[in-house]
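Undergrad: Got chain H; can you put chains U and V on it based on the hints?
Residue numbers (my numbering), protein chains in the order written: chain H, 1 to 297; chain U, 298 to 729; chain V, 730 to 1028.
Hints may contain errors.
[Said to hold, decoys possible] What follows is a set of in silico ranges between Cβ atoms, one per label pair, in the way DEER data are often shown: (1) V:Val866 - H:Phe56: 19 to 25 Å; (2) V:Leu923 - H:Phe39: 30 to 36 Å; (3) V:Gln796 - U:Leu587: 42 to 48 Å; (4) U:Glu601 - V:Val761: 48 to 54 Å; (5) H:Leu48 - U:Gln586: 21 to 27 Å; (6) U:Glu542 - H:Ser71: 42 to 48 Å; (7) V:Gly871 - H:Phe39: 34 to 40 Å; (8) V:Pro920 - H:Glu240: 49 to 55 Å; (9) V:Thr885 - U:Glu420: 56 to 62 Å; (10) U:Glu420 - V:Ser799: 55 to 61 Å; (11) V:Ala1016 - U:Gly342: 56 to 62 Å; (12) U:Pro600 - V:Val761: 50 to 56 Å; (13) H:Val282 - U:Thr352: 43 to 49 Å; (14) U:Ala458 - V:Gly875: 19 to 25 Å.
[As the list claims (entries may be wrong)] Okay, derived cross-link-like pairs now, SDA-like style, lysine to any residue, Cα gap no bigger than 25 Å in a straight line: (15) H:Lys49 - U:Leu580; (16) V:Lys733 - H:Phe116; (17) H:Lys49 - U:Trp664; (18) V:Lys733 - H:Ala191; (19) H:Lys49 - U:Leu338; (20) V:Lys937 - H:Leu24; (21) H:Lys49 - U:Tyr584; (22) V:Lys826 - H:Val269; (23) V:Lys921 - H:Lys49; (24) V:Lys733 - H:Ile206; (25) V:Lys937 - H:Val205; (26) V:Lys733 - H:Pro185; (27) V:Lys1024 - V:Asn734; (28) U:Lys341 - H:Val269; (29) V:Lys1024 - H:Thr122; (30) V:Lys733 - H:Cys196; (31) H:Lys49 - U:Thr355; (32) U:Lys341 - H:Ala89; (33) V:Lys937 - H:Leu33; (34) V:Lys733 - H:Leu187; (35) V:Lys733 - H:Thr122; (36) V:Lys921 - H:Pro185; (37) V:Lys826 - H:Leu30; (38) V:Lys826 - H:Asn154; (39) V:Lys921 - H:Val205; (40) V:Lys733 - H:Arg117.
Derived by calculation from the structure, the hints in this document are not laboratory data. Here the structure is a predicted model, which is why all the values come from computation and not from measurement. Glycine included, each C-beta is placed from N, C-alpha and C at the ideal position.
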Amino acid sequence: MTATAGLRRAPEIAVSAHRHIDLLTRIVILMVLALLLVFILLPLFWMLKSSFQTNFEVQAIPPVWLPENPSVEPYDLAGQLIPLWRYIANSLYVSTAAAVIAAALSAMAAYVLARFRFPGATLILALILLTQLIPSVTRIFPVYFLIQDMGLLNTFSGMIFAYVGFSIPFAVLLLRGYFQTSCPPELEEAAMMDGCTYFGAFWRVILPVSLPGIAAVTVFTFLNAWNDFLWASLLLSSGEMKTIQVGIGEFATESGVSNYQNAFMAACVISTLPALILFFFVQRWLVGGLTAGAVKT
Amino acid sequence: MTILRRTALAVVLGSTAAIAAGSATAQDAVEFWTMTYGDQLNWKGEVEALIDGFTEETGIEVRHEIVPWGSAFQTYLTVSQGGAAPDCADMYWLHSFSAIGGDQHGPMPLNEYRDEYFPTLEEDFYAGALQDVLWQDDFYGIPWRGDIRAFIYRTDFAEEAGIDGPPQTWDEIVEDAKALTVRDENGNVERWGFAYGTATNVVSWLLPYYWQAGGTMMTDDGQTATIDNEAMRTALTFMRDLMWEHQVVNPDSLEAGYDPQPLFVNGQLAMVGSAEQAWGVELDRDYPQLEGQWAMATSPAGPENSDSFSGAGYFGVLRGSDHVEECVQLIEYMSRDENMLRLAQAAGTVSTKPEVMASEFWSDRPWKIVVGEALQDAHTSQHPAPAWSAIATPEPGGILYDLMYDVIVLQEDMDASIAEAQERMQAELDRS
Amino acid sequence: MNEKNIFCYLMVAPALLVTALLGIYPMLASMVMSFQSYDLLAGQRDTIEWVGFENYRTILADDRFLQTISQTVIFTILAVGIVVSMGLFLAQVVNAKFRGRAVVRTLIFSPWFVPPVVASAIWMWLLQTERSPINAVLRDLGWTSGNIRFLTDPETWGPFSIPMMSVVAVRVWNGLPFVIIFLLAGLQSIPKSLYEAADMDGAGILQKFRHVTLPMLRPVLMVLLALLFMNGFGHFEMNYIMTQGGPRNLTNVLAVWSYQEGFAFFRFDNAAAASGIILAMTSVICAIYLRLQYKDDLR
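Isolated chain H (complex conformation):
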């Protein structure tokens, strides 16, 4: 109840944080916001409500907006169809490892690319940018056979390696922009004066201040890995190593439509929950980190 109340009042307070806003602007902003929220939430609502309906109700025309007899049976079915929790654990492991490694490697690279001039820096930046230039569909075969040659097919390491590789260019470019805007160079200059090494300045001064940016990149990499279907389905064939998205893929039949639409939706709901919960906590810290950094300076 409190959550709903907060939600309903929220936009109003949001706008009133600015002092010079007249009523008309406020109403316009609220209406736009309401429309956008409907747009954003409609598919999620549809997924959620379908996961509590019978198949018959799910398929009904005209559509039934609310379950007539809400039932958790679809969730039960989903659990019988695939080992949901096992797959979620696999996904969590792969995505977390990929996110942390990718964020660490790209923060290191982005920092020096943003801050220092050294021979080849522009070339390196150009190379990293270059990888963003072709569509990912053309990567399928070269990457698959590369991973096979490395002996990493059907291993978590292969998956993690692939996800780290796909995320790094994006992450480096974004973090570089972030380092340029949000960390004043005076910070590490001061640290170096105090006798820090280059790495020491990066590790003790820059990293803590840049946590919001790094957190954002970590979240991004995590979700990239979490949401991936294609690579997970190609690189892992072993049942006990499948990720949740591949598991959900097992619901599809030859014609592409699951006979258990409601259970399919239930599995989708469950698969979004871990990421959603994680985000709920991270986003607080994501904001808190920056304000803390700003206060310190």
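TA: Frame of chain H; chains U and V shown alone:
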């Protein structure tokens, strides 16, 4: 802050260690892949129960993995090019994957095992089904699932409209479809009288009408395209007129995302010309409240015959397997009558063996009897050319798809479109 | 070599190595393939022939391909334009302090937790002519008399059509969280004192946005736009799953074309050439970005 940093470090180190230790240990079991069919809940359990029976009989361990349909094609395409392959698998498109794999990867011929393990192959299986496991005189495995399509219609609406029984000819389809199409006062269609087919593969809708008009796609050697003829004109005219002249078919039918099943069960669609037998299973299971309101029937006759679409999937062995002998044993085990029946029941697909179709399971519902009868009209959808899957790909840019779209939806000049398709198809056949 | 340079190389090395293997190598492989004859069905993988620009000539001779190129540009401009404007608005909202902000933020970001494959499936359902709940509501309200054919209406207005707008809307939906989170991170790096100073000068909400927010967001916006454009030109998933490029090629984009050429017709040479065209287009964006970046660095 320090705690955070330490945790991060611990996670990085921890995962690196896990990676180092994580490389999969080699296992000696036979690896067997299938897609899922019918009731997904049943499928996995039934296959694994069959495998248990096999292990008990032979002592051979088998590891079963599900290949999701969403990535099955990419998976087998990589397998055919030397990607990580199972020992044996549930496969399709033998001709294409054999051509892609050449003599190094992909499906493996099993000629040397044929006499020992499958001595009565020709008597045991439908001839049409065997066409899908033979390629250039090589024998590749056992067809285990059939896909036969027939006519399906809503008996309740037919009764309302005073129609007794399903249409027997193309002309009757037109007549009945007109009677069954319902529009509201604004001209919006509330119920379409007819749909060409149920499968998401729209190209598969054209095939039966073309055959029924007396056409064939190519010569028996797979070298020459034979679609520029009167039969193609007849079939396409029939389909086009249903959409535009009689206005009984939804003009959006050929677009991606068109799904006839919800329309059929919600009373917005009355008849489907080429319906997969799987609809019988699904309607029985998911829509018991519709019992008695629908029925299947054999395909209404075209100008020449009433050929019905049929296809098959097979169990085969992959090149590079270290367990060929064990795989053949597994396939032989699966192909026994009692096991084929269990597979057909779990998958909800017709069997490739007449013996199995004669079982009680295939006669306990009216629609199943119809499906059995439809098998008499079965016409294989496989064609003896590796390029067939590329020619028949059901998306814009595909030769037959473009032909259907141009003639049926856009109503472009028929002779020119067919001539162009013939030329493009010949070029495709010349590729390999 | 001095200490600074060694430090720099050490810091860049791991990321560069991984990128070289998984980014640069596959790209080179694909570009090489676009100058070769590579037909899976022809079974000639051992004797690969160099054919020069033949593959490019083949695809550029196809009218449908040319239409697809211009459509890819329109799609990307629309999707990027809308997603960034919406993102700027929503980022400001979730940046403000209010009770229940965590909930609103999580809700606004929630599309991110739905994989594109699943999202496309749900949206297809929401947009399927007969089954669409949107159509049901519109008809109940009496706003429309018939169903809107969101993904299938072939009518066009210049280069625009209903299916195109529908697919753009879904791509915007999918891309929104990503845009918001980076704009949010950018917004938070703007010193509050700047807004306070603007308040003193009596600036209105729009003036503050124009004179404080936008200039301060410039570096983040530039990277974001460059990435969105480059990614947009190569976008594949949602267009492919929802419409396969139809109806009448109205929603076809280059990456879908490339995928079909490779995976439906087994012509990986033509697919690679289509990727080459995408590469040329993204290179233009890349060059513009680097040039602007260079100018900024000089300042």
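Undergrad: Does each hint fit the structure? Answer for all of them.
TA: Verification of the supplied hints:
1. Between Val866 (chain V) and Phe56 (chain H) the CB atoms are about 21 Å apart, so this pair conforms to the stated range of 19 to 25 Å.
2. At roughly 32 Å, the beta carbons of Leu923 (chain V) and Phe39 (chain H) sit within the given window of 30 to 36 Å.
3. At about 44 Å, the CB distance of Gln796 (chain V) to Leu587 (chain U) agrees with the hint of 42 to 48 Å.
4. Remark: the range hint 48 to 54 Å for Glu601 (chain U) to Val761 (chain V) is upheld by a beta-carbon distance near 51 Å.
5. At about 25 Å, the beta-carbon gap between Leu48 (chain H) and Gln586 (chain U) stays in the expected band of 21 to 27 Å.
6. Taking 42 to 48 Å as the suggested C-beta distance range, the pair Glu542 (chain U) and Ser71 (chain H) conforms, at roughly 47 Å.
7. Take Gly871 (chain V) and Phe39 (chain H): their Cβ atoms lie about 22 Å apart, and the range 34 to 40 Å is violated.
8. The hinted window of 49 to 55 Å between Pro920 (chain V) and Glu240 (chain H) holds, with their beta carbons roughly 51 Å apart.
9. Look at Thr885 (chain V) against Glu420 (chain U): about 58 Å separates their beta carbons, and that is inside 56 to 62 Å.
10. Roughly 60 Å separates the CB atoms of Glu420 (chain U) and Ser799 (chain V), a value that falls within the hinted 55 to 61 Å.
11. With their beta carbons about 58 Å apart, Ala1016 (chain V) and Gly342 (chain U) fall inside the hinted range of 56 to 62 Å.
12. A C-beta distance of roughly 52 Å is found between Pro600 (chain U) and Val761 (chain V), which places it inside the suggested range of 50 to 56 Å.
13. About 47 Å separates the C-beta atoms of Val282 (chain H) and Thr352 (chain U), a value consistent with the hinted range of 43 to 49 Å.
14. Range check, Ala458 (chain U) to Gly875 (chain V): Cβ separation about 24 Å, and the 19 to 25 Å hint holds.
15. Proposed proximity of Lys49 (chain H) and Leu580 (chain U) is supported: the alpha carbons are some 23 Å apart, at most 25 Å.
16. Between Lys733 (chain V) and Phe116 (chain H) the CA atoms are separated by roughly 8 Å; this keeps the pair inside 25 Å, and the hint holds.
17. Restraint check for Lys49 (chain H) and Trp664 (chain U): not satisfied, since their Cα atoms lie roughly 34 Å apart, outside the 25 Å limit.
18. Restraint check for Lys733 (chain V) and Ala191 (chain H): satisfied, since their Cα atoms lie roughly 15 Å apart, inside the 25 Å limit.
19. Among the hinted pairs, Lys49 (chain H) with Leu338 (chain U) is consistent with the structure: their alpha-carbon atoms are about 22 Å apart, no more than 25 Å.
20. A distance of roughly 18 Å separates the Cα atoms of Lys937 (chain V) and Leu24 (chain H); the hinted pair therefore holds under the 25 Å criterion.
21. Straight-line distance between C-alpha atoms of Lys49 (chain H) and Tyr584 (chain U) comes to about 20 Å, which keeps the hinted pair within the 25 Å bound.
22. Distance restraint check for Lys826 (chain V) and Val269 (chain H): the Cα-Cα separation of roughly 29 Å exceeds the 25 Å cut-off, and the hinted pair is therefore not satisfied.
23. This hinted pair does not check out: Lys921 (chain V) and Lys49 (chain H) have alpha carbons roughly 42 Å apart, beyond 25 Å.
24. In summary, the hint linking Lys733 (chain V) to Ile206 (chain H) is supported, as the alpha carbons are separated by about 16 Å, within the 25 Å threshold.
25. Restraint check for Lys937 (chain V) and Val205 (chain H): the C-alpha separation of about 31 Å exceeds 25 Å, so the hint is violated.
26. Using a Cα cut-off of 25 Å, the hinted pair Lys733 (chain V) and Pro185 (chain H) holds, with the two alpha carbons roughly 15 Å apart.
27. At roughly 24 Å between alpha-carbon atoms, Lys1024 (chain V) and Asn734 (chain V) fall within 25 Å of each other, so this suggested pair holds.
28. With a C-alpha separation of about 23 Å, the suggested pairing of Lys341 (chain U) with Val269 (chain H) holds against the 25 Å cut-off.
29. Among the hinted pairs, Lys1024 (chain V) with Thr122 (chain H) is consistent with the structure: their alpha-carbon atoms are about 14 Å apart, no more than 25 Å.
30. Distance check on the hinted pair: Lys733 (chain V) and Cys196 (chain H) sit about 13 Å apart at the alpha-carbon level, within 25 Å; holds.
31. With a C-alpha separation of about 48 Å, the suggested pair Lys49 (chain H) and Thr355 (chain U) falls outside the 25 Å cut-off, and the hint is violated.
32. Note on Lys341 (chain U) and Ala89 (chain H): the hinted pairing holds, with a Cα-Cα distance of about 21 Å set against a maximum of 25 Å.
33. Restraint check for Lys937 (chain V) and Leu33 (chain H): the C-alpha separation of about 20 Å stays at or below 25 Å, so the hint holds.
34. A hinted pair counts as satisfied when its Cα atoms are at most 25 Å apart, and Lys733 (chain V) with Leu187 (chain H) qualifies at roughly 17 Å.
35. A C-alpha spacing of about 16 Å is found between Lys733 (chain V) and Thr122 (chain H), which places the hinted pair at or below 25 Å, so the restraint holds.
36. Pair hint Lys921 (chain V) plus Pro185 (chain H) holds up; C-alpha atoms about 19 Å apart against a cutoff of 25 Å.
37. Using a Cα cut-off of 25 Å, the hinted pair Lys826 (chain V) and Leu30 (chain H) holds, with the two alpha carbons roughly 16 Å apart.
38. For the proposed pair Lys826 (chain V) and Asn154 (chain H), the alpha carbon gap of about 46 Å is over 25 Å, so the pair is violated.
39. About 22 Å separates the Cα atoms of Lys921 (chain V) and Val205 (chain H), which keeps this hinted pair within 25 Å; it holds.
40. Restraint check for Lys733 (chain V) and Arg117 (chain H): satisfied, since their Cα atoms lie roughly 9 Å apart, inside the 25 Å limit.
Checked against the numbered hints given earlier, the structure breaks hints 7, 17, 22, 23, 25, 31, 38 and satisfies all the rest.
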